[in-house]
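Engineer: Here is what each chain is made of, one letter per residue.
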Amino acid sequence: MSQDALDTVVHAETPEGIAIELKAAGVSSRVFAYLLDFLIRMGVLYVAALITAVMGGLGTALMLILWFALEWFYPVAFELSRWGATPGKRTLGIKVVMDNGLPITPAASITRNLLRTADLLPALYGFGLLSMLLRRDFKRLGDVAANTLVVYQPKAAPKVTMEDVAPLAPVRPLPQAEQVAVIALAARASRLTASRLDELAGLAAWVSGDDGRSGPAVTRRVLGVAQWLLGKRA
Amino acid sequence: MRVDALAVRLRPRSYVEAADLGVRLCQHVARSVYASYLAVALPVFVLCLATFEVASWLPTFAMWMAKPWLDRTILFALSRAAFGQSTTVADVWNAQREVWWSQLIRSWTQRRLSPWRCLTAPVYQLEGLRGEPQRRRVQQVRSGKTGAGILVTSAFGLVELALVFSLLALCVWFAPEGMRPSLDVIFGAEGGGEWRFVMALAYAMTVALVEPFYVAAGFGLYLNRRVELEAWDIEQEFRRAQPE
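Going down the list, the protein sequences come from chains A and B. Under the working numbering, think of the first position of the first sequence as 1, with each following residue one higher. Under the working numbering, think of the first position of the second sequence as 1, with each following residue one higher.
It should be emphasised that the hints constitute simulated quantities derived from the structure, not laboratory data.
One-sided excerpt, in silico: chain B residues whose CB lies under 10 Å from chain A:
(1) Leu6
(2) Leu161
(3) Leu168
(4) Glu230
(5) Gln236
(6) Arg240
Over 12 Å on every C-beta distance to chain B, these chain A residues come out as not near it, computed from the model:
(7) Tyr46
(8) Val47
(9) Ala48
(10) Val76
(11) Val97
(12) Asn100
(13) Pro106
(14) Leu114
(15) Arg221
(16) Gly231
(17) Arg233
Derived DEER-like restraints, expressed as beta-carbon distance ranges:
(18) B/Trp57 with A/Ala77: 38 to 46 Å
(19) B/Phe174 with A/Leu35: 27 to 35 Å
(20) A/Asp211 with B/Leu47: 55 to 63 Å
(21) A/Gly212 with B/Gln134: 30 to 38 Å
All residues carry an ideal CB built from backbone N, CA and C; glycine is no exception.
Turn these sequences into a full structure, and let the hints steer you where they fit.
Structural biologist: Shown next, in the form of structure tokens:
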């Protein structure tokens, strides 16, 4: 796959010099993560208000302290937890990391959340949203200042069941990208319609020496190559 | 259609990630998209704003109604950009039958009310199907992903809302001393005619900025759907690898 094809990944390098791809999370997921967190905070405040209502002036003071603490330290506390994400973010499958993919540091978490004051200007997080729409890595201003990035959590790959076909050696050694594509075809074969599967296998028929032909028989041979690539031998 | 000519990297993504890919595409080809979109949208918005004389709520409503129709120009530019072609106003003009005048009534009625229109618009506009096959195809693309369409529509609805209020807030802050209105004047039932107009203007500016990103996010969902249903990413790889 050509490197310059358009994608949302941010390339990072670990201190050991390993290049990694981070999948930056954009506005659609982050808007809803924020809304969920907002609702959770409101819920907590509502319950607290019911309790402190009977305490008079002291209750009001406690309420204000709680409001302050929730507004400023709710995201920090959750981002520094082992999930690296607030409950809203976890629901949407995203978390906060440093630019190089490492877990977020306390200083960075505090910076990005204090800088929400800049993002929420002029109203309803206008500047933050604008920044998320216009920046390639979808950072809001707080992320820019703290060198943090909101990324999608890597998900465990779904379990695949492959049809059992006789393994078949490819006619010539395949480059890595093509090996991956042939195996991906075999893994997703059950989710494609039969005619579409034959069409795709026909495109890759040369790996099994069936250039220009297609059909169920060719498909089985191409899937056989996938089995061989995965290490199965007859 | 040559899938290997697609300028975006296809891989199975979660639907929110697919929407982000759309946003990224829109950033990348902003020049083409905004040139063709604004050439159509600005005259429409001026006409809409002119209806302020009839009723103060009419401009906002008219612009809101016009969105699915305006989206077609954006999608035209985006779909070409996905294959690495740039679009000029002349290209849109030459394709006006297909872009502007086809499916005109549905754009203004049924699709205006559809909360998942960003997902299905590419099927209607780009796949060239008619009648029953089109209905079945839309059903297939939508199945299980209607929620994703609604989610993206509401996310960008919220973005629009936030940006309209941001613009209004800026106007209030920077209003000269003595002209700063109270909230009653802006949102109240009586008076404040000029602030109603400022609101309509803020809405026009927001739609001018955000709509291409919204359409692009839907286009991203649609591309991801084709990866799921037709394994476009695998086809892309095979076609590139083919010894010719």
